[in-house]
Amino acid sequence: MAKVLIVDDSAMSRRILRRILEAAGHDVAEAEDGMVAIEKYYLDRPDIVLLDLIMKGMFGMEVLQRIRQLDDKARVVVATADIQISTRTMTEAEGAMGFVTKPFVESEIIAAMDSALRER
Amino acid sequence: MLKNPDFNEPILDWLNDYASQGIVTTDKDLIIRGWNCWLEENTGRSAAEVLGRSLFVIFPDLVERGLDRLYRSALEGQISVLAQRFHQYLTKLPARPEFGLAEMQQAARIAPLVCNGIVIGTITVIHDVSERVIRENELVAAREQADKANEAKDRFLAVLSHDLRTPLTSILGWARIFRERAGDEQIVRRGTEIIERSAAVQLQLIEEILDLSRITAAKLELNLEPVEVRQIVNAALETLEPAAIAKGITLHRSMPDEPRVAKLDSKRCQQIIWNLVSNSLKFTPRGGAVEATLKYASEGFELRIADTGKGIDAESLPHLFEPLWQAEGSASDGGLGLGLAIVRNLVELHGGSIHAESSGTGQGATFILKMPWSGARTQAGLA
Amino acid sequence: MLFTDKQRDSLGELINIAFARTAASLSELSGHRVLLNAPEVDVLAMDELAAVLSRSIKQEVVTVHQIFSGSVSGDALLMFNYEGAVTLTDLLCEYRAPSRRLDTSAQEALTEVGNILLNACLGVFGNLLHVQVSFSMPRLHLESLDQLLRSITIGSEELRYAVVVSTAFSIKESAVSGYMSIVLGVSSLDRLLRAIEDWEET
Chain A
1110 MAKVLIVDDS
1120 AMSRRILRRI
1130 LEAAGHDVAE
1140 AEDGMVAIEK
1150 YYLDRPDIVL
1160 LDLIMKGMFG
1170 MEVLQRIRQL
1180 DDKARVVVAT
1190 ADIQISTRTM
1200 TEAEGAMGFV
1210 TKPFVESEII
1220 AAMDSALRER
Chain B
172 MLKNPDFNEP
182 ILDWLNDYAS
192 QGIVTTDKDL
202 IIRGWNCWLE
212 ENTGRSAAEV
222 LGRSLFVIFP
232 DLVERGLDRL
242 YRSALEGQIS
252 VLAQRFHQYL
262 TKLPARPEFG
272 LAEMQQAARI
282 APLVCNGIVI
292 GTITVIHDVS
302 ERVIRENELV
312 AAREQADKAN
322 EAKDRFLAVL
332 SHDLRTPLTS
342 ILGWARIFRE
352 RAGDEQIVRR
362 GTEIIERSAA
372 VQLQLIEEIL
382 DLSRITAAKL
392 ELNLEPVEVR
402 QIVNAALETL
412 EPAAIAKGIT
422 LHRSMPDEPR
432 VAKLDSKRCQ
442 QIIWNLVSNS
452 LKFTPRGGAV
462 EATLKYASEG
472 FELRIADTGK
482 GIDAESLPHL
492 FEPLWQAEGS
502 ASDGGLGLGL
512 AIVRNLVELH
522 GGSIHAESSG
532 TGQGATFILK
542 MPWSGARTQA
552 GLA
Chain C
2 MLFTDKQRDS
12 LGELINIAFA
22 RTAASLSELS
32 GHRVLLNAPE
42 VDVLAMDELA
52 AVLSRSIKQE
62 VVTVHQIFSG
72 SVSGDALLMF
82 NYEGAVTLTD
92 LLCEYRAPSR
102 RLDTSAQEAL
112 TEVGNILLNA
122 CLGVFGNLLH
132 VQVSFSMPRL
142 HLESLDQLLR
152 SITIGSEELR
162 YAVVVSTAFS
172 IKESAVSGYM
182 SIVLGVSSLD
192 RLLRAIEDWE
202 ET
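Chains as they are written, first to last, in our numbering: chain A, 1110 to 1229; chain B, 172 to 554; chain C, 2 to 203.
A couple of the hints might just be wrong.
No farther apart than 27 Å at their CA atoms in a straight line, the calculated lysine-lysine pairs in the DSS-like style are these [stated by the list, open to error]:
1. A:K1182 to A:K1149
2. B:K434 to B:K418
3. B:K453 to B:K438
4. B:K434 to B:K541
5. A:K1149 to C:K173
6. C:K173 to A:K1165
7. B:K438 to B:K418
8. C:K59 to A:K1149
9. B:K541 to B:K453
To be clear, the hints were calculated from the coordinates, so they are not data collected in a lab.
The following block holds chain A by itself, in its conformation from the complex (with noise of 0.2 Å):
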C-alpha cells in the first residue's frame, strides 16, 4: 500500500499502470510531463515513482536528475520502451532503483516495485 506517482506522456501507459497498481491496492497519482511530474513530487511527496524516459519535453534522465537532488530519498523506478543496457546503465548511475522495459507484464512491475519498497 504505497503512494505512487507515474510518469509517462502516453495516455494509454498511464491508464495501464494504474490498473495494475490499484489492483495491487496502491493508491496512483499521474504526471504527463517532467515539468508537472517534479513539481507533484515536491507537493506530495510519493513513495515511488514509476517514470518514462523518452518523453516530449524533459526528458526521463533529467527528470530522475532533478527529483534525486530534491530528495536522495526518492524512491524511482525507471519503465521505459529503451531496452538499450546502456541506459540501464545510466539511469543506475543516476540513482535509480529499477528498471522495468514495455510493453508492460504486470509481475514485473509489481516485483519492481516491491523490491523498491523493500529498501530503506
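Position chains B and C relative to chain A; hints supplied.
Below, chains B and C without anything else, positioned relative to chain A:
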C-alpha cells in the same frame, strides 16, 4: 514465375548447378534440406556431407555471432537482410585469391519458406560482394585524394593572389603621388626607386610561378650541354657579391684546382645555385659568412652552401622544400617561398639530390647539393 | 474516418516500443548509442500525406518499402531525403571514410535498417495485438516523392490511409530525420485500432 509443375524440377536443377549465389534451405527444425553448387565450391563441403545435418553444426559461427535469432525470426515469418557494411559476412568463407582479402565479403538474406500459409522451413541466399566493396573503397580513396589536391590548389591560389597584389599596390600608390607632386624631385626619385624595385619583385614572383607551373605540368625541358662546373658556381656567386657586400656578409669559396665537365642545363644550374646562396644570405645577419665548397666524386660533384645564420629548427626541416612554405617572419621579404621548391624540382630533373642540415635555431644551416656528371632527363617527368 | 486522441496516443505508444527495439538493434550493429525520438503519430488521407512529406523531402526520396499481408494488409515505408540517407549510413558504419553518394553498399545497409524498423513495427502489431501479418522482401527505391506515392496507391480498391510517424535517428551527437509510414485500407486500419483497444483491456 512459372507455376507449371513440369518446369519446376528443371529450373531448380539449373539453379542448383549454376546460380551465382549460395542457396541453402532448411526445414522448420533448421535441418539442411538443400545445398547448391556455389556452396559446395566455396565451403569445400559437398551436399552429401551436409544434407540432413543441423545448420548450426555446419555453421557454428552463426550462433557465436548471435545470428541464429534471425533464423528463429524467419520461422515466425520474418525476412532478414544482412548488409555487408554491418556484418561483413553471414558466415566466414575464404575470399577469391585475386581480391587480396582475408574473408569473402557477403550480403545475405534469410527468409521463411511458406506453403499454404504455413512456414515449412527457411531459405538463405548468400552473395559474394567482395569485388563491389573493393571498387567502392577505391572510389572513395580516389575522391579523397582529389579533394586534398583541390584543397592544396585553393590554398596556393589564396596566397598567390595576396602576394602578387602587394607590389602592385605599392606601384599604384606611388603613381598617384606622382600625379600630385610631379614637381617634387626627391619624391619622384624615391618613388621611382620603389616602383622599380616592386616591379622587379613582381616579375620575379611571376617567373617563379611560371617555373613551378611548367615543372608541375611536366613541360619544363632541360637544355643539357657539357658545362664546366666551377664556372657555373663562380658565375652564380659573382652575381650575389654586391648583395653580400651590402649586407656585410663574407662570401667564401673553396673549389678543386682542376676543371671538370658535367652534362647540365647551364642556365637552370645557375638558378639553383643562385637560389641557394641567396637564401643563405637572406637568413644570415650582418657580419656573418656564407661558404660555398665544391668537391668532386666518382658519380658526380657535391656543392655545400654553409651559412652562419638563423639556422633551421627540427620541425621546419622536413618542410623546407615545399612550395609556399615560409619560415616565420620571412614573408615580408617578398617572394612566395617557391624558390626552394623550384630548386628541388630542378635538381631532381638533373638526377641529383638536395637536402639541408642544421643543428637548430641560431646554429646556421648547410645545404648540400649533389649532381651526377650526366644523369639528367631532358624533359620533366615528375611522378 | 475519425481518429481520436486516445487512439493517436495508443498507436504512438506501440510504435514507441517498436522504435526502442529498433534503436537497440541498431546500437548493437553500429556499436554506438542510438536514440529514436518520441515519434509524432498521425493518421492522414493519402493526399494529405503528400503535402506533409513534401515539406521536408524536396527532391528524391530514398525509401525502404515492405508489403505486408494477413489480417491487416498494406505498405510499410521508411523514407529519407538523399542526404539524410547518406548521413545515416555513414553514422552507422563508420569504419569507412564518409561518402557523399548512396552507393550499393550504403543502399544495402539502409535496406537492413529499414527492414529492422519495419519488422519491429509489424512485429509489435503481430505479437501484442495477435494480428497475423507476413512480409515481403524489403526493397529500396530512389525516386521522386510523386512517383513513390503513385506506385503505392495504384490498384487499390478502397480508400487508403497512412499512419505517419516523423522521427529522428540520433547517433553520436548527430541526428537524421525521416518518416515512417504504414499505408493501409480503411478496413485494415479499423481492425488495427480495435485490436489496440482489445489489447489494452487485457
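Going down the list of hints, with the structure as the test:
no.	hint	result
1	A:K1182 to A:K1149	16 Å, holds
2	B:K434 to B:K418	34 Å, violated
3	B:K453 to B:K438	22 Å, holds
4	B:K434 to B:K541	13 Å, holds
5	A:K1149 to C:K173	34 Å, violated
6	C:K173 to A:K1165	20 Å, holds
7	B:K438 to B:K418	26 Å, holds
8	C:K59 to A:K1149	45 Å, violated
9	B:K541 to B:K453	22 Å, holds
In terms of the numbered hints stated before, the structure departs from hints 2, 5 and 8, listed from lowest to highest.
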